[in-house]
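Protein sequence lines correspond, in order, to chains A and B. Residues 1 to 252 in full-length UniProt numbering are what the first sequence lists, from first letter to last. Residues 1 to 233 in full-length UniProt numbering are what the second sequence lists, from first letter to last.
Hints may contain errors.
What the hints assert, rightly or not - Distance windows between CB atoms, simulated: (1) A/147 to B/171: 18 to 26 Å; (2) B/90 to A/48: 25 to 33 Å; (3) B/167 to A/50: 34 to 42 Å; (4) B/20 to A/217: 52 to 60 Å; (5) B/123 to A/17: 19 to 27 Å; (6) A/32 to B/89: 25 to 33 Å; (7) A/16 to B/89: 28 to 36 Å; (8) A/12 to B/124: 29 to 37 Å; (9) A/228 to B/90: 53 to 61 Å; (10) A/17 to B/160: 24 to 32 Å.
It is worth saying that the hints were derived from the structure and are not from the lab. Ideal Cβ placement from N, Cα and C applies to all residues, glycine included.
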Amino acid sequence: MTPTDDADQQAPQPSPEDEAAVRRLLAGVREAGPVPPAVAARLDDTLAGLAGARTADGAPVADVVPLAPRRRRRAAALLVAAAAVVVGGIAISSHGSSGEDAGSTSADSAVSREPGADAEVSGAKDYSGGGGGDSITPHDRTKAPTRSDLNALKSVASARVRPGHLVPDLKALRHGFARQVGRSAYSADAPVAPDGFRCAPARYGHGVLLGVRYGGRPAVVAFRIPKGDTQVVEVLQCGTADVLRSTTIPAG
Amino acid sequence: MAADAGTDAELLSAHVDGDADAFGTLFARHRDRLWAVALRTTGDPEVAADGLQEGMIAAFRRAGSYRGDAAVTTWLHRIVVNACLDRLRAQKVRRAEPLPDDVDETGRGALVSAADGTEDPAEHGIRSERRRQVLDALRRLAPDQRAALVLVDMEGYSVAEAAAILDCAEGTVKSRCSRGRARLAVLLRPLIDADRETDDTPVAGNHANDPDVGPTSPRGPPIGPGPRPTHPH
Numbered sequence: 001m002t003p004t005d006d007a008d009q010q011a012p013q014p015s016p017e018d019e020a021a022v023r024r025l026l027a028g029v030r031e032a033g034p035v036p037p038a039v040a041a042r043l044d045d046t047l048a049g050l051a052g053a054r055t056a057d058g059a060p061v062a063d064v065v066p067l068a069p070r071r072r073r074r075a076a077a078l079l080v081a082a083a084a085v086v087v088g089g090i091a092i093s094s095h096g097s098s099g100e101d102a103g104s105t106s107a108d109s110a111v112s113r114e115p116g117a118d119a120e121v122s123g124a125k126d127y128s129g130g131g132g133g134d135s136i137t138p139h140d141r142t143k144a145p146t147r148s149d150l151n152a153l154k155s156v157a158s159a160r161v162r163p164g165h166l167v168p169d170l171k172a173l174r175h176g177f178a179r180q181v182g183r184s185a186y187s188a189d190a191p192v193a194p195d196g197f198r199c200a201p202a203r204y205g206h207g208v209l210l211g212v213r214y215g216g217r218p219a220v221v222a223f224r225i226p227k228g229d230t231q232v233v234e235v236l237q238c239g240t241a242d243v244l245r246s247t248t249i250p251a252g
Numbered sequence: 001m002a003a004d005a006g007t008d009a010e011l012l013s014a015h016v017d018g019d020a021d022a023f024g025t026l027f028a029r030h031r032d033r034l035w036a037v038a039l040r041t042t043g044d045p046e047v048a049a050d051g052l053q054e055g056m057i058a059a060f061r062r063a064g065s066y067r068g069d070a071a072v073t074t075w076l077h078r079i080v081v082n083a084c085l086d087r088l089r090a091q092k093v094r095r096a097e098p099l100p101d102d103v104d105e106t107g108r109g110a111l112v113s114a115a116d117g118t119e120d121p122a123e124h125g126i127r128s129e130r131r132r133q134v135l136d137a138l139r140r141l142a143p144d145q146r147a148a149l150v151l152v153d154m155e156g157y158s159v160a161e162a163a164a165i166l167d168c169a170e171g172t173v174k175s176r177c178s179r180g181r182a183r184l185a186v187l188l189r190p191l192i193d194a195d196r197e198t199d200d201t202p203v204a205g206n207h208a209n210d211p212d213v214g215p216t217s218p219r220g221p222p223i224g225p226g227p228r229p230t231h232p233h
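Based on the sequences and whatever the hints tell you, model everything.
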């Protein structure tokens, strides 16, 4: 017989008794034993090889990028380049400029999202609706990161965040900018990163967004606006905003 | 993290964080059960071993993509079952010929072991023959139907759990199970008729009188030597 659905459609519906008998027969041949020794040894060897292939800082998992809708692939061509430029450009295009941003360079606007970019990544997560500790008041939204904000953030961007030392690295990262930026820095929705940092745009939500290397790969760390004494921090996949890691750190 | 500590999710997270032992501990918890599913789904020990290995590698590397929207064990099963089904599809495996009577498909020896050594050899032979017939019939099903039946009727997963593992709708699982059983009812008619006369043993897996393939009571694999799946979250 042929193992196809067509053949099955010809099989008459069994009586409840026959169906029960079939299920009893199937339950009777359940494999209840352990993995055969030869297979177990093979698995152990393979696992040892995988563990040995791990990078020095122990981060193999970052090599696998979560699948994204095909449409996002097109967005991947839209690479975010220099940091200050990105944040400045987005802020200006989205909210207009406050006094300090009025002097943004032409490069600022040049790197604002290309037309259609939002539509391309519309399926990406939107963190701006809260839930991640990133809610921003209407007053906050009228502000854009200031020039001094951008400079402070750029100085700490592209840091390395180690998967095995997530919280200490994030705390150190925050320590590097916390005293130098104002609340307006949390209104950004595009990452700050140094020249040459490549990370496709996505809806990363609002917050202090920094381009970093996570597990050896570009990623975006999103420091959501502090709530009380704590602050949600997420590591996001470039181009999709998929959450790779999420944690809460002291905001003080 | 201590190698023997933590829930499945904690072990997976520790692995992502770089813990060198966490994934091994996690996989060891479930590999017997994963092997059982792989073996019955493929009907071939070589393909099952390949599928299990491939699934393990994929899980090791893709741990960072685990979202926590299903139990870790469900996620592991999904990866392994998909690896097995992909292999079957790619290789278009068809094992119509029965295995030798004296060789278990697990490669461990006797098809049915006489556990206590006191079983009547004739009875032992009958049980082995019955087992062989059931496995042969199972191998004749389409892989998708076989996988559904293995999960629900053999391993005791609920329809919802099987649907999560197979990444399809619950209705699809029910349909595959129903059609698979209908086919098996034809293929196994002699055994069914024989059982009707002599055997009134309760069903070991799902309850037979349920209106569909899944019971409403808490589900899990039949209690036996294999570990039960954990659902830490």
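For each hint, the structure was consulted:
no., hint, result
1, A/147 to B/171: 18 to 26 Å, "violated, 58 Å"
2, B/90 to A/48: 25 to 33 Å, "holds, 27 Å"
3, B/167 to A/50: 34 to 42 Å, "violated, 24 Å"
4, B/20 to A/217: 52 to 60 Å, "violated, 20 Å"
5, B/123 to A/17: 19 to 27 Å, "holds, 25 Å"
6, A/32 to B/89: 25 to 33 Å, "holds, 28 Å"
7, A/16 to B/89: 28 to 36 Å, "holds, 33 Å"
8, A/12 to B/124: 29 to 37 Å, "holds, 34 Å"
9, A/228 to B/90: 53 to 61 Å, "holds, 54 Å"
10, A/17 to B/160: 24 to 32 Å, "holds, 26 Å"
The structure fails to meet hints 1, 3, 4 from the earlier list, while all remaining hints are met.
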